[in-house]
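Chains A and B, in that order, give the protein sequences. The numbering used here numbers the first residue of the first sequence as 1 and each following residue consecutively. The numbering used here numbers the first residue of the second sequence as 1 and each following residue consecutively.
Warning: the hint list may mix true and false statements.
Derived SDA-like pairs (lysine to any residue); straight-line CA-CA distance at most 25 Å [to be verified]:
1) A:Lys444 with A:Asp386
2) A:Lys466 with A:Asn266
3) B:Lys94 with A:Asp377
4) A:Lys84 with B:Lys90
5) B:Lys93 with A:Leu82
6) A:Lys153 with A:Asn266
7) B:Lys94 with A:Gln324
8) A:Lys455 with A:Glu342
9) B:Lys94 with A:Asn310
10) B:Lys94 with A:Ala365
11) A:Lys27 with B:Arg87
Derived by calculation from the structure, the hints in this document are not laboratory data.
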Amino acid sequence: MMAFFQSSIFVNLAYIFASILFIFGLKMLSSPETAQRGNLVSASGMLIAIIVTLVQNEIIAYEYLLIALIGGLIVGVLASSLVKMTSMPELVALFNGFGGIASLLVGVAEFINPSSSTLIQIIAISFTVLIGGITFSGSLVAFGKLSEIISGKPLVLFGQRFVLSALLLVALLLVLELIISTGMLNISSQTILFVLIGVTLILGVLLTAPIGGADMPVVIALLNSYSGLAASSAGFVINNNVLIVAGALVGASGLILTNIMCKAMNRSLSNVLFGGFGAATSSSGGSGQIQGEVKPITAEDAYLILEAANSVLVVPGYGMAVSQAQHVVRELGELLEDNGCEVKYAIHPVAGRMPGHMNVLLAEANVSYDVLAEPDDVNPLMDTVDVCIVIGANDVVNPDARENEGSPIYGMPVIEVDRARTVFILKRSMAAGFAGIDNPLFLKENSRMLFGDAKESISTLVSEFKS
Amino acid sequence: MESQALLVLLLFVLVLSIFLGFELINKVPSTLHTPLMSGANAISGITIVGALLASGGEGTFSSILVGTFAVFFASINVVGGYLVTNRMLKMFKKK
Numbered sequence: 001m002m003a004f005f006q007s008s009i010f011v012n013l014a015y016i017f018a019s020i021l022f023i024f025g026l027k028m029l030s031s032p033e034t035a036q037r038g039n040l041v042s043a044s045g046m047l048i049a050i051i052v053t054l055v056q057n058e059i060i061a062y063e064y065l066l067i068a069l070i071g072g073l074i075v076g077v078l079a080s081s082l083v084k085m086t087s088m089p090e091l092v093a094l095f096n097g098f099g100g101i102a103s104l105l106v107g108v109a110e111f112i113n114p115s116s117s118t119l120i121q122i123i124a125i126s127f128t129v130l131i132g133g134i135t136f137s138g139s140l141v142a143f144g145k146l147s148e149i150i151s152g153k154p155l156v157l158f159g160q161r162f163v164l165s166a167l168l169l170v171a172l173l174l175v176l177e178l179i180i181s182t183g184m185l186n187i188s189s190q191t192i193l194f195v196l197i198g199v200t201l202i203l204g205v206l207l208t209a210p211i212g213g214a215d216m217p218v219v220i221a222l223l224n225s226y227s228g229l230a231a232s233s234a235g236f237v238i239n240n241n242v243l244i245v246a247g248a249l250v251g252a253s254g255l256i257l258t259n260i261m262c263k264a265m266n267r268s269l270s271n272v273l274f275g276g277f278g279a280a281t282s283s284s285g286g287s288g289q290i291q292g293e294v295k296p297i298t299a300e301d302a303y304l305i306l307e308a309a310n311s312v313l314v315v316p317g318y319g320m321a322v323s324q325a326q327h328v329v330r331e332l333g334e335l336l337e338d339n340g341c342e343v344k345y346a347i348h349p350v351a352g353r354m355p356g357h358m359n360v361l362l363a364e365a366n367v368s369y370d371v372l373a374e375p376d377d378v379n380p381l382m383d384t385v386d387v388c389i390v391i392g393a394n395d396v397v398n399p400d401a402r403e404n405e406g407s408p409i410y411g412m413p414v415i416e417v418d419r420a421r422t423v424f425i426l427k428r429s430m431a432a433g434f435a436g437i438d439n440p441l442f443l444k445e446n447s448r449m450l451f452g453d454a455k456e457s458i459s460t461l462v463s464e465f466k467s
Numbered sequence: 001m002e003s004q005a006l007l008v009l010l011l012f013v014l015v016l017s018i019f020l021g022f023e024l025i026n027k028v029p030s031t032l033h034t035p036l037m038s039g040a041n042a043i044s045g046i047t048i049v050g051a052l053l054a055s056g057g058e059g060t061f062s063s064i065l066v067g068t069f070a071v072f073f074a075s076i077n078v079v080g081g082y083l084v085t086n087r088m089l090k091m092f093k094k095k
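Bound conformation, chain A alone (with noise of 0.2 Å):
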């Protein structure tokens, strides 16, 4: 009976069958009704593949491996159990990283496997450590920015085109050489392997730094797109099929959001990628004919105007997760709810640090997903918003992108919060968004600048509802 398991029919059915679950759940996580399932159908593939790779006779010792397998399940389950939902950019990107040096160590243990390896292994071996290497620095700086261990702002050296271009030729002449192994480098072929892998940490660091923390959904999505086209590289080093299904789903997948994210942006890859945005334009960004006055108002008088509203419109960013104002967000909507108010929540694409961050705190704070709506539904029916309050946003409310042409992000789809009659702009200080370019929406006739913190704001509003 343990023959039959052991054989590799048996095996190479089984990893079709996981693949097909990889298929459906990935169907499933595309609709709120079924995602939760989908996850789960996924997460079966995933223990299926791994039980019937660890029952295979290919595998004589257990020991180590047992280490390993049971020292990842703590630390995962430890970290998906701790992290607070506004830190979920930064252990995305975090895991992310893990899954691209995963890879890379598949490809290096090959690699250095006395067993000989065919050419194509070779060069599989090559493009996994290249790409693994990539996702894994790439990853970590990603990390690094949006934990605010380094600075969010674009990092932007001098000449960083030509290094970055030079290390991907040295990349590319590295793997030609451990392809067809000349021997000019007179240097023996696992040195370099090694030489590989730090020009592509090298190239990952580079590749991220320059990116700013608003563009820092494009960079995450890219980045998990990677992470899958390494493991797909790896399924060429094993010849292993599920690899390679599972690894180009997550490859097209992150290149989907990707492109929805630039989209939503109105920039292109390459521009985000090595535009430097906020470092090129913060000198030449100001359009220096900016006219009107601030004008601040209190909370007390805040709740008379909303008090008498018939719909208003929230459009929170990355300042409702940085002051965790998600909860009172929720309560204070409740209450304008019962007030006889409509009370609708508009989300930009980029709004926040990765793709879908505002919509994940606005669902732990128990806000029902079919009032979340995308700038596409809520703009025609601006003009009957009585009410539009922005929460820590800036760039995706500029008005410039429709009515400056000079602007930076001229041409960007915004949500239109400035037709709405009153704006409500909740905000820390005066101080720029983080593309770093001026927002003339604070200026507007109709906008109304509540400054201080966004929850503080907020929890003023509820109580005066409530009293």
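With chain A held as given, fit chain B onto it using these hints.
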């Protein structure tokens, strides 16, 4: 199987899977972008299969050691990825 025939077969699988991936994900509402990303990220931990074979299979001490580290990282990716996705999706409710 001959290695060339195998390569063609694997490439074939790769290309079809990429197209399948594009079709599957194309219409995901933005509400689910984060769980989709972390769920997909957990799937990319499938590289654990290769890691297990490297760690538990035949090899030198160094290849087994490298494979063992791969198992460690991949299992964090898998376990953490699925759990955190589940934690997020539990919150998505319609009232």
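Now the hints, each set against the structure:
The suggested pairing of lysine 444 of chain A with aspartate 386 of chain A holds, with an alpha-carbon distance near 16 Å, which does not exceed 25 Å. Pair hint lysine 466 of chain A plus asparagine 266 of chain A does not hold up; C-alpha atoms about 43 Å apart against a cutoff of 25 Å. With a C-alpha separation of about 19 Å, the suggested pairing of lysine 94 of chain B with aspartate 377 of chain A holds against the 25 Å cut-off. Taken as a hint, the lysine 84 of chain A and lysine 90 of chain B pair is honoured in the structure, with Cα atoms around 15 Å apart against an allowance of 25 Å.
A C-alpha spacing of about 22 Å is found between lysine 93 of chain B and leucine 82 of chain A, which places the hinted pair at or below 25 Å, so the restraint holds. With a C-alpha separation of about 21 Å, the suggested pairing of lysine 153 of chain A with asparagine 266 of chain A holds against the 25 Å cut-off. With a C-alpha separation of about 22 Å, the suggested pair lysine 94 of chain B and glutamine 324 of chain A falls inside the 25 Å cut-off, and the hint holds. For a cut-off of 25 Å, the pair hint linking lysine 455 of chain A to glutamate 342 of chain A stands: about 22 Å separates their Cα positions.
At most 25 Å may separate the alpha-carbon atoms for a hinted pair to count; lysine 94 of chain B and asparagine 310 of chain A meet this at roughly 23 Å. Taken as a hint, the lysine 94 of chain B and alanine 365 of chain A pair is honoured in the structure, with Cα atoms around 12 Å apart against an allowance of 25 Å. Distance restraint check for lysine 27 of chain A and arginine 87 of chain B: the Cα-Cα separation of roughly 19 Å lies within the 25 Å cut-off, and the hinted pair is therefore satisfied.
In summary, the one numbered hint that this structure violates is 2.
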